[in-house]
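S.K.: Each chain, letter by letter, is given below.
Protein chains: 2
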Amino acid sequence: MYPNWILQRAYLTPLRNGLTYNGQTWTFQKLNDLSLKRARQLTALGIKQGDRIAIMGPSKPTLVITMYACMHLQCEMVMLNRRLSQAEIAYQLEDSEAAAVLIADEDVEKLPLHTTCHLFSAIEKSTESAIDITKEWSLNQTTSIMYTSGTTGFPKGVRQTVGNHQASATASVLNIGLQADDAWLCAVPLFHISGFSILVRSLLYGNKVHLYDQFDVEAISQNIIDGDVTHMSVVAVTLERILHTLEQKNAQASSKFKMMLAGGGPVPVDYLKRAHALNLAVAQTYGMTETSSQTATLANEDAMQKIGSAGKPLFFNQIRIAEPNANGEGEICIRGPHVTPGYIGRFAEKEVTIDGWLHTGDIGYMDEEGYLFVIDRRADLIISGGENIYPAEIENVLLTHPAVKEAGVCGIDDDEWGQVPIAFVVLKEQVQVEQIQAFCQKKLAKYKIPKEIIVTDELPRNGANKLLRRKLIN
Amino acid sequence: MYPNWILQRAYLTPLRNGLTYNGQTWTFQKLNDLSLKRARQLTALGIKQGDRIAIMGPSKPTLVITMYACMHLQCEMVMLNRRLSQAEIAYQLEDSEAAAVLIADEDVEKLPLHTTCHLFSAIEKSTESAIDITKEWSLNQTTSIMYTSGTTGFPKGVRQTVGNHQASATASVLNIGLQADDAWLCAVPLFHISGFSILVRSLLYGNKVHLYDQFDVEAISQNIIDGDVTHMSVVAVTLERILHTLEQKNAQASSKFKMMLAGGGPVPVDYLKRAHALNLAVAQTYGMTETSSQTATLANEDAMQKIGSAGKPLFFNQIRIAEPNANGEGEICIRGPHVTPGYIGRFAEKEVTIDGWLHTGDIGYMDEEGYLFVIDRRADLIISGGENIYPAEIENVLLTHPAVKEAGVCGIDDDEWGQVPIAFVVLKEQVQVEQIQAFCQKKLAKYKIPKEIIVTDELPRNGANKLLRRKLIN
Chain A
1 MYPNWILQRA YLTPLRNGLT YNGQTWTFQK LNDLSLKRAR QLTALGIKQG
51 DRIAIMGPSK PTLVITMYAC MHLQCEMVML NRRLSQAEIA YQLEDSEAAA
101 VLIADEDVEK LPLHTTCHLF SAIEKSTESA IDITKEWSLN QTTSIMYTSG
151 TTGFPKGVRQ TVGNHQASAT ASVLNIGLQA DDAWLCAVPL FHISGFSILV
201 RSLLYGNKVH LYDQFDVEAI SQNIIDGDVT HMSVVAVTLE RILHTLEQKN
251 AQASSKFKMM LAGGGPVPVD YLKRAHALNL AVAQTYGMTE TSSQTATLAN
301 EDAMQKIGSA GKPLFFNQIR IAEPNANGEG EICIRGPHVT PGYIGRFAEK
351 EVTIDGWLHT GDIGYMDEEG YLFVIDRRAD LIISGGENIY PAEIENVLLT
401 HPAVKEAGVC GIDDDEWGQV PIAFVVLKEQ VQVEQIQAFC QKKLAKYKIP
451 KEIIVTDELP RNGANKLLRR KLIN
Chain B
1 MYPNWILQRA YLTPLRNGLT YNGQTWTFQK LNDLSLKRAR QLTALGIKQG
51 DRIAIMGPSK PTLVITMYAC MHLQCEMVML NRRLSQAEIA YQLEDSEAAA
101 VLIADEDVEK LPLHTTCHLF SAIEKSTESA IDITKEWSLN QTTSIMYTSG
151 TTGFPKGVRQ TVGNHQASAT ASVLNIGLQA DDAWLCAVPL FHISGFSILV
201 RSLLYGNKVH LYDQFDVEAI SQNIIDGDVT HMSVVAVTLE RILHTLEQKN
251 AQASSKFKMM LAGGGPVPVD YLKRAHALNL AVAQTYGMTE TSSQTATLAN
301 EDAMQKIGSA GKPLFFNQIR IAEPNANGEG EICIRGPHVT PGYIGRFAEK
351 EVTIDGWLHT GDIGYMDEEG YLFVIDRRAD LIISGGENIY PAEIENVLLT
401 HPAVKEAGVC GIDDDEWGQV PIAFVVLKEQ VQVEQIQAFC QKKLAKYKIP
451 KEIIVTDELP RNGANKLLRR KLIN
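Listed in order, the protein sequences are those of chains A and B.
Take 1 as the starting number for the first sequence in full-length UniProt numbering and just add one per residue.
Take 1 as the starting number for the second sequence in full-length UniProt numbering and just add one per residue.
Source of the hints: derived by calculation from the structure; they are not laboratory data.
From a predicted model like this one, the values you see are computed outputs, not experimental measurements.
Some hints here could point you the wrong way.
[As the list claims (entries may be wrong)] Cross-link-like lysine-lysine pairs, in silico, DSS-like; alpha carbons within 30 Å at most:
hint	chain 1	residue 1	chain 2	residue 2
1	B	LYS256	A	LYS135
2	B	LYS306	A	LYS135
3	A	LYS258	B	LYS60
4	B	LYS60	B	LYS256
5	B	LYS60	A	LYS256
6	A	LYS30	B	LYS306
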């Protein structure tokens, strides 16, 4: 048995700062008190221990406290992505069979019409019911559920357990080290593993999280120059904005700033060089929802001589390349205590590992020193500003339009976002592409809407009639 | 599954220094290569994967390499205490049914006569047999076995698993932090958990161990003043010697030196104050063989305002006081992934925990902020220079002497060792106490031999005729 992280942290270091937001701070004791109160309020509203609960809200302290309250109640939190369309949210609520939806007042319009929900403002005003908080958690208990798409285009709800999160946090600390005054800047979404894992690490490490509800590049850059933080998680697009701002200010990262963890897809080499010139250590990482954050991370000391690599696995993790070709390239497989035990909902029965190995679908190789290089993403995955986009999901939407006969989606390079999706369609009746685009807007999160829709006579297919997405553009 | 620590560390940071001894250094790659070679040599000598193997030797690199070789072979290492008498060693070899004994040449005379063994020098010269090294370990696999006495006086072989050691090392890092250039001074015995846990942490953290085969107070103090180390494990008696040396030199600990971990019994308040004046951070810890090292540790920041406390539990651990009296004092009970699953040999069937809680027999209380205070040790335990001495074990030996009718042992305060044992005996025939002392010398480790043997007419007993050791001295 393992301790309830929030209780334990409040017990061990009650007076340490656990959260900073907009000039305000909360100690771990305060976070515990507030989240226990909120747990009692949720209980008064009918939420029971172990319920599966969907949550949506911007990255503000009330969201953190609501998450911690759910954790006190050992609820399985379905983390709703704020960028999703109503149709996408409806799918996740239906698939997860969430017993309740907790939503920030400002996000209520993102929900499908007539969704029963508890507004954060209502929860905060609720009466309280007495509860018996469990002081111990088990490794197999599901803490969070995050939806991720895949080859089929049907998003799958990935379970992330207490054991997964603990393994990830402890393996990470063995790689990047730890000091009592470390502080993590969080401007990545809390509904993604990149953001939620910052909260988990904060609870396990006793470190402060400095939370931003927007990617305010000016404020964030200033914090890196002379502020309170030592670490930050970025994706390529946010890293570039920070680099640009520092360059414009002719400023360097403060000497107390230690490291940026750069995930969510490859970081252009040029960015790494610019960061190096700004005294900004950037550690590239390879992680995914199914592995509760990092599997491999390139140490800063290796950043320049191993450019383009995602580094070596963290201590408790293993990586192997399945069925490598003559160049050693093959599917990246992952094993370790950080790998999800599986999915929920319609994919609950799907085996997530084979002999304990997660087959990622990503293609890569290990160099002679054992550094991982990821050369091609799974299932034609498009990564746009750190968000994963699966072509099949967009194609499924396009195919529901009455005028569309066939659809193929792929990513094209984009200076700002890394990649953006574009679509090729074969029509069965005349239609304006603007109409198809408007159709997509109702069904898809904004970042998934094809930036361009190209009408064509046929799509490239192989002998088995399988769509060859990589041949869409030639 | 978890990775083989030695392989994984050599893979992740091959060029980092893993061991320093006497001016020589070994990288993790080198330690791995040498231990793999030694594993092949052990295999050639007939040692099989998973065998239970007893090991004895001074704290020199060859012992570390032999231990790592046994770990590669997933052997269960019975760690023989070099201070034991032949009779005590014979008991442990018999009880553990060790398949082989590996012994440093200089220690061979410590073994019972006619013990079959492999000398380190012979192993080092052996041919090699090919082996298939297991890359993965399981949490339940036993890494080490250490004998500890108890109320019965019959030493029990405590299993310490991969999971126990990992939990201990990761919980410790969450408390004391970690930097890549941390280096641990090891002058505590490797056959004790205090020393072996330094090796485990080195493998998990990628930190250097600076090993000493003797407690050379001059060299060690100089290292703390201007050397390469950042951490050190001490017991009260060694701490005092270092303090004394620093005071005599009018020197302070170097600014890079971070912390001393002080275990093996209480540290006098005066020592803590003197350490404070020397800029030497001392963290008092409460640990035992059954918990693979620390359960609770007092953070340095709390050292002065919580003098005498052993601190709070490490993150993954829990402590509760069973059946507290009106003052909150009761038996200290421990739960967590660092608690041994049990014993071997004649105590293999003995349950070590009740509902998951290890009942230590130690008496203590938690203050209102949750800091642990240990006020009385289990089973009249005597702690002498960091070594545990159980009165029952000495009494058992005394009672085997033909002239002794009854025996009672307790500890008395000692300026140098903290405590030393003394004995009270009721005789059935005339005998010189020197003869009894000589008798003890054959049967007991030197530190267990009563410093004084007092002949008396009767021993203090309660109504049930139970010996009241605490009333021996009045």
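S.K.: For every hint, state whether the structure bears it out.
M.R.: Structure-based check of each hint:
1. For a cut-off of 30 Å, the pair hint linking B/LYS256 to A/LYS135 is broken: about 38 Å separates their Cα positions.
2. For a cut-off of 30 Å, the pair hint linking B/LYS306 to A/LYS135 stands: about 25 Å separates their Cα positions.
3. A C-alpha spacing of about 36 Å is found between A/LYS258 and B/LYS60, which places the hinted pair above 30 Å, so the restraint is violated.
4. Proposed proximity of B/LYS60 and B/LYS256 is supported: the alpha carbons are some 25 Å apart, at most 30 Å.
5. A threshold of 30 Å between alpha carbons decides the hint, and for B/LYS60 with A/LYS256 the separation of about 39 Å lies outside it, so the pair is violated.
6. For the given pair, A/LYS30 sits about 23 Å from B/LYS306 by alpha-carbon distance, which is consistent with the 30 Å threshold.
This entry does not satisfy hints 1, 3, 5, going by the numbered hints stated previously.
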